[in-house]
Amino acid sequence: MGLLSLFRKAPSSANLAKERLRIIVAQERSARGSPDFLPLLRRELLEVIHKYVNVDPSAVQITLGNEDGHEVLELSVFLPEAQRGA
Amino acid sequence: MAEIIVVTSGKGGVGKTTTSASIACGLARRGKRVVVIDFDIGLRNLDLIMGCERRVVYDFVNVIQGDCSLKQALIKDKRIETLYVLAASQTRDKDALTTEGVQRVLDELANDGFEYIICDSPAGIEKGAHLAMYFADRAVVVVNPEISSVRDSDRILGLLASKTSRAEKGNGGVKEHLLLTRYNPRRVAGGEMLSVDDVKEILGLDVIGVVPESPDVLSASNAGLPVILNDNSDVSHAYEDAVARLLGETVPLRFVAEPKKGLFARIFGS
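Residue numbers (the working numbering), protein chains in the order written: chain A, 1 to 86; chain B, 1 to 270.
Same shape as in the complex, but just chain A (with noise of 0.2 Å):
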């Protein structure tokens, strides 16, 4: 183990936990400042989505983001593939 250390580069565990962090420190970092109602507006959105197809939850995404001085809010649903154009 002591002389391979001296060659092989270790695989640095330290670098994948930095960037796992920095995109969830971001995440939740904008997400600070947003209102309480987005959760809210996620589920009963679902709910209403769901009537008609049948998403998974995690398919619904809501983002409020910042473009040029303003606001938007942004939902993305994934279709299920065989319910595409039915």
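The set of hints was computed from the structure by calculation and includes no laboratory data.
Think of the CB as a built atom: it goes at the ideal place given N, C-alpha and C, for glycine as much as any other residue.
Certain hints may be false.
Stated by the list, open to error - DMTMM-like mimics (lysine to aspartate or glutamate), calculated; alpha carbons at most 25 Å apart, straight line:
id : chain 1 : residue 1 : chain 2 : residue 2
1  : B       : Lys175    : A       : Glu28
2  : B       : Lys163    : A       : Glu28
3  : A       : Lys18     : B       : Glu201
4  : A       : Lys18     : B       : Glu258
Claimed, not checked - Sample of chain A residues lacking proximity to chain B, with all beta carbon distances greater than 12 Å (derived):
id : residue
5  : Val48
6  : Ile49
7  : Val55
8  : Ile62
For this one, chain A is given, so just place chain B on it according to the hints.
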């Protein structure tokens, strides 16, 4: 004018109480009048770390509820003349702490001439943690170089920036400092542990101290001796440096580099 410093982290077990005790001792050793308060209602522990558990007669909640005077509840440290401890109560009543009550006690401590009030926050983001940080002027955010601790700290930073008296009044907010504990330079060098710079970059805070991982912390708590008082330990030196930085001194970071290994150890060592 007393300065109120909250020691907080979000995650439990990262070294808040150890840090509170050591910072309080460090400031008091420099002649400052210091009181350290345990906000962990129901799970009192600062008394054990400070080694005064058998001298707790009245506690923080007793003072708030008017069962005794503040003077009766303050425990004078036996080692350092200017240091006092205010213990948490063991009550299970979560609502024992009130904003008004905490403010009254802090005001009275300031009027009594204390220069530093160290608030040892409980883990989590519930009422005790909220009240520990609410009146703070500065915050020492204790972080382990570990993914869940860093994330929880960022959550706490969000609360410090919004749910504190200073944030609400808009007078500059709470000054935040990062203190890394359980730091292992060897593992950092091996790419197994987040480095000081990694954590600093992710949280965007200035580093007030880096405390190396060491068995001295456990033996100090076993003995009820705040680890900063063990002058033979690197941990003590690291906390001394942190105290100096809190007081505005510029001190280079120590204990962040891996000790140099000889060629023999590099070939045959682990």
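Hint-by-hint comparison with the structure:
{"no.": "1", "hint": "B:Lys175 / A:Glu28", "verdict": "21 Å, holds"}
{"no.": "2", "hint": "B:Lys163 / A:Glu28", "verdict": "17 Å, holds"}
{"no.": "3", "hint": "A:Lys18 / B:Glu201", "verdict": "10 Å, holds"}
{"no.": "4", "hint": "A:Lys18 / B:Glu258", "verdict": "20 Å, holds"}
{"no.": "5", "hint": "Val48", "verdict": "32 Å, holds"}
{"no.": "6", "hint": "Ile49", "verdict": "31 Å, holds"}
{"no.": "7", "hint": "Val55", "verdict": "29 Å, holds"}
{"no.": "8", "hint": "Ile62", "verdict": "20 Å, holds"}
In summary, this structure violates none of the numbered hints.
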